[in-house]
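For reference, the chains in residue letters:
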Amino acid sequence: MNITIDHILAGISVGGQYALIAIGYTMVYGILRLINFAHGDVFMASGLIIVYLTTAMPLQYAIPIVLLLTVMLGFLIERAAYKPLRAAPRMSVMISAIGVSYLIQNLALYITGGLPQTYPAIPWISDSITIFGAVTKRVTIITPILTAILIVLLVALIRYTKIGMAMRAVSKDFETSQLMGIKINRVISTTFVIGSLLAAVGSLLYFTSYQSVVPTSGSMPGLKAFVAAVFGGIGSIPGAVIGAFIIGICENLIKSSTDFSIFSDAFTFALLIVVLCVRPTGLFGEKSIDKV
Amino acid sequence: MSNILEIRNLSVSYGGIEAIKNISFDVEEGKIVTLIGSNGAGKSSTLRSIAGIVKAKHGEVLFEGENILGMSPDHIVKRGVTLVPEGRHVFPNLTVLENLKIGAYLRKDNITADLENVYTLFPRLKERSWQLAGTLSGGEQQMLAVGRALMARPKLIMMDEPSLGLAPIVVQGIFDIIRQINEQGITVLLIEQNANMALKVADSAFVMQTGEITLSGTGAELLENEEVKEAYLGKKK
Chain A
1 MNITIDHILA
11 GISVGGQYAL
21 IAIGYTMVYG
31 ILRLINFAHG
41 DVFMASGLII
51 VYLTTAMPLQ
61 YAIPIVLLLT
71 VMLGFLIERA
81 AYKPLRAAPR
91 MSVMISAIGV
101 SYLIQNLALY
111 ITGGLPQTYP
121 AIPWISDSIT
131 IFGAVTKRVT
141 IITPILTAIL
151 IVLLVALIRY
161 TKIGMAMRAV
171 SKDFETSQLM
181 GIKINRVIST
191 TFVIGSLLAA
201 VGSLLYFTSY
211 QSVVPTSGSM
221 PGLKAFVAAV
231 FGGIGSIPGA
241 VIGAFIIGIC
251 ENLIKSSTDF
261 SIFSDAFTFA
271 LLIVVLCVRP
281 TGLFGEKSID
291 KV
Chain B
1 MSNILEIRNL
11 SVSYGGIEAI
21 KNISFDVEEG
31 KIVTLIGSNG
41 AGKSSTLRSI
51 AGIVKAKHGE
61 VLFEGENILG
71 MSPDHIVKRG
81 VTLVPEGRHV
91 FPNLTVLENL
101 KIGAYLRKDN
111 ITADLENVYT
121 LFPRLKERSW
131 QLAGTLSGGE
141 QQMLAVGRAL
151 MARPKLIMMD
161 EPSLGLAPIV
171 VQGIFDIIRQ
181 INEQGITVLL
191 IEQNANMALK
201 VADSAFVMQT
211 GEITLSGTGA
221 ELLENEEVKE
231 AYLGKKK
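First to last, the sequence lines map onto chains A and B. The first sequence begins at 1 in our numbering and counts up by one. The second sequence begins at 1 in our numbering and counts up by one.
These are calculated hints, taken from the structure and not from any lab test. Take these hints with a grain of salt, some might be off.
To be verified - Quick list of the computed label-pair ranges, beta carbon to beta carbon:
| # | chain 1 | residue 1 | chain 2 | residue 2 | range |
| --- | --- | --- | --- | --- | --- |
| 1 | A | Leu59 | B | Ser137 | 56 to 64 Å |
| 2 | A | Tyr52 | B | Ser137 | 55 to 63 Å |
| 3 | A | Leu157 | B | Thr120 | 29 to 37 Å |
Every residue, glycine too, gets a C-beta built ideally from N, C-alpha and C.
For reference, chain A alone in the conformation it holds in the complex (with noise of 0.2 Å):
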């Protein structure tokens, strides 16, 4: 093996965007025990919104439409899908989602044709840099400290404002919750669209390291990062993000092998084979039963 530091930080890189993604799966299983399905689908709308939008407006126009178009989305999954399914059994929602990711993915084959999209390279954090010897682009320096900023004020969010308040009683009773007057489709709402926001980060620190995006450009990334949160314990924020970056890591330290190289992603699947089976609470899941 010959780790490198451009291995390390690439995997801390990669961590980083997983955690971005991780983020909108756990939040949403939080409060309304689903696996959002679509969500890694919303990353990739993303990716390819912003491609349109750099067509017709310079960047600077383009990132900040792109955050809201990504947020309006999520938004709108929800409102349209979920919603109206909140007394329906837990299964039904999840096929709803299962559905929604199959609707985006070939929604984006009819409008981009199925031809990859040349993502846009983003001045600045698409530039190469060198740290400690080793020549990579900013963007890989960019994220792990975005990422850690957004996770930061995400949990002071959670823990220190009224509707982060509002969210944790939510996730633990929907009735009292709606007895102490909280609206909870406007929780669940806010929920959403946080973690469409993340995403929509995510996606533009992703896609910068790649050329292109296709309609299951989300489909690796999302199901990473839901792996990353059942590692670390669905429903928990601190869990999905270490386990995001030791997912990122590990699989970049795979790669550095010449001989292993090509099992990265199948190292990322035995794990969640593992946890399931040993620890299917995750690293700082809840205790309590509670079938998927």
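Using the hints provided, position chain B relative to the given structure of chain A.
Here is chain B on its own, set in the frame of chain A:
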């Protein structure tokens, strides 16, 4: 005195099963009113439909003359009606102080005076204000549930089985608190299986049986009623 709450022809059914059949009763302002009855009589459903958690089939719930039936729970809380749910349901993952703050969720004014009031009623909660509510004992959780409901500054507080599962000495404490809350000018609508205690504290009372109100009177009258004695107070004729 006027009626703060008037229930008119309220019916609630769950999938074809009628839990409440066309009941009507009044709650006089500033009084303690109790609904007693056995399990499944429809007491909880009555309170839950007043609070807006359960949809009623038909009827009217007039609070200060305005029909609040069909309003969402937050509108009902805003008008001054709160429910202390059965089984306490404090938020275990929130601290005692946060539980109290969330009781005042809809309020935008200063809540310091109300916090002081709750801490005076329940000094134990002040000692434990930084503790997670899930770590409190059953009696303390019940105090917290009542305190949390008071934080909304209700005009009418409804309590669903506040004595359930508590030790007799704690139950006595809860009933003392109910009196004190009432003395602060808050109307109390109380549901109890502990009919003896409830009737002693109540100004007026209603007996519910299989979804209907079968008896009514003052607390003292029903304590002496032969039917009530036999069915709910465990005394032979």
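For this session: Compare the structure with the hints numbered earlier in the document and write down the numbers of the violated ones, lowest to highest.
Result: When the structure is compared with the hints, none of them turns out to be violated.
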